[in-house]
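Peer 1: Throw the hints in and build the complete structure from the sequences for me.
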Amino acid sequence: MKPDMGRLLEVAAGHLMGTTAPLLGDAYEQSNVSVLGMMLMAVGHEHERAAARRVEENGVLRRLFAKAADSAEDGELSARLTAAAASEDADLTVSALEASNAELRGLLVELHAALEEIDSPAARELEAEVWQELAASTRRRSLPTLGDT
Amino acid sequence: MSEPGIEERLAAYLATKLPDADDVRVDGLARIFGGASRETYRFVLHARQGGEATSRRLILRRDPPGSLIETERSVEFAAYRGFHGTAVPVPEALWLEEDPSHLDHAFFIMEELTGSNLQSSAAEAAPHAAKLTPQKWSILGEISKADPAALGLDAVMTPVTPEACWQRELDYWEDQLDRHELCPQPITRAAIRKLRKNPPPPAQRVSVVHADYRTGNFLFDDEGTILGILDWEMAHLGDPLEDLAWGLNLVWQTPDGLAGGLATREEAVRIWEESSGLRADDEALQWWELFSSVKGQAIWVSSAKEFTDGKNQDLILAAATLVMGNRQDKAMLAAMGHPV
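In order, the protein sequences belong to chains A and B.
Per the numbering used here, residue 1 is the first one in the first sequence, and the count goes up by one each step.
Per the numbering used here, residue 1 is the first one in the second sequence, and the count goes up by one each step.
Everything labelled a hint here was simulated from the structure, so no lab data went into it.
Mixed in with the good hints, there may be bad ones.
[Unchecked claim] Once the Cα atoms are required to be at most 30 Å apart in a straight line, the calculated DSSO-like pairs of lysine-lysine come out as: (1) B:K305 to B:K194; (2) B:K131 to B:K145; (3) B:K197 to A:K67; (4) A:K67 to B:K194; (5) B:K305 to B:K197.
Peer 2: Pasting the structure below:
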């Protein structure tokens with residue numbers, strides 16, 4: 001798409017915040033339009049990375065699940081970890097990637113809770129990897145355009 | 001306000017509250033941006049009383065179709081009433097109306113605080129830090145040491161024992177998360193497990209908890225004097241450390257590391273302890289700080305749900321989630337010893 005989506009949203013946001021908002025007489029609507037502009041800037045940022053960050057995160061989670069499947073004491077959880085580790089993102093639309101990411105992150109909650117109950121060096125090692133991934137997930141989601149660096 | 005005839009409807013309602021007044025009129029009704037839990041409007045009430053024309057600047061707080069948090073307007077109204085005239089500055093609450101027929105939703109009316117160039121944000125507060133810091137945290141101390149019964153608030157706020165404060169709050173906000181999360185929240189879930197495994201000691205006393213006490217929720221003038229503590233919509237009885245911890249949450253910290261752009265953590269705690277006569281046990285405070293991030297994330301998650309479901313399309317709901325959600329996760333990780 002040309003102009004690029006990011007550029008289009010950037011210009012639209014600038015117009016709303018710099019041109020439209022000051023023309024409005026109502027202070028409440030002026031603030032609303034400014035917020036709308038700010039959100040368009042964030043959408044432009046997210047649009048560029050939306051698929052990439054989900055593909056990256058889903059990959060990290062699948063590799064973590066493959067490693068953790070053998071350590072899980074719960075056979076049923078172990079089986080689901082194995083299945084999730086073998087799954088793939090065939091559909092690369094953002095909505096499909098978001099759905100698979102939600103499934104994987106839901107399983108991460110279960111794995112994390114299970115690891116906390118296991119008293120072994122292997123569990124501590126995996127738990128440390130879970131914490132690393134949780135920290136990485138916030139870096140992937142940072143929106144510098146909204147001051148979240 | 002774009003609703004046709006709303007000023008006339010408000011005037012008609014106010015006329016019933018002022019039976020000795022004639023020519024009751026409302027003008028200048030304008031919505032104030034930022035109210036996420038109630039729609040907030042300012043207006044001027046004109047009337048003729050005893051032959052003299054009078055005017056008063058007032059605030060209308062009206063229930064929205066959906067909001068960040070489900071709150072009891074009667075409790076908020078009672079909190080304003082209870083603290084009015086005490087060491088905790090608040091505007092005077094005037095009328096509470098639960099009947100939605102007057103303005104389509106329940107509402108209450110209070111005085112508008114007026115003064116020279118009133119401000120509230122952290123950026124506006126920073127230049128007045130030397131004056132605002134002792135006021136902000138000592139006023140919180142006054143809230144913490146106030147007697148709920150003496151303020152009449154024990155009658156409207158649900159009672160709780162010192163031992164049960166933490167569990168009631170954690171149960172409530174976990175339930176909000178369960179009901180409203182649009183996608184899994186692994187960091188928040190880890191925090192909840194940690195909080196349940198390591199409960200805090202019983203509260204030193206059961207206090208009134210403002211529950212959203214931070215820079216941004218009080219108004220100060222250009223002399224740096226706090227004129228009123230606002231936004232009591234989540235007020236309840238509980239552990240006073242809950243309020244202290246909320247104000248110290250990293251999401252309110254400015255880049256210079258100051259809580260709400262005003263004070264270091266140590267300074268805030270010291271002033272609060274001196275004012276309240278209570279002690280901020282370090283481990284207990286840390287528990288409440290992690291809890292405050294769970295609560296914060298539950299609020300942002302709920303706002304996203306309201307917006308997504310179309311119950312309330314106020315842009316502030318979407319903006320709040322976009323701006324705060326990831327920051328709250330980072331604050332939670334830091335509180336659990338895994339800073340990003």
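Peer 1: Hint by hint, note whether the structure agrees.
Peer 2: Hint check results:
Note on K305 (chain B) and K194 (chain B): the hinted pairing holds, with a Cα-Cα distance of about 25 Å set against a maximum of 30 Å. Distance check on the hinted pair: K131 (chain B) and K145 (chain B) sit about 22 Å apart at the alpha-carbon level, within 30 Å; holds. Note on K197 (chain B) and K67 (chain A): the hinted pairing holds, with a Cα-Cα distance of about 27 Å set against a maximum of 30 Å. Pair hint K67 (chain A) plus K194 (chain B) holds up; C-alpha atoms about 24 Å apart against a cutoff of 30 Å.
Taking the CA atoms of K305 (chain B) and K197 (chain B), the gap is near 29 Å; set against the 30 Å cutoff, the hint holds.
Checked against the numbered hints above, the structure violates none of them.
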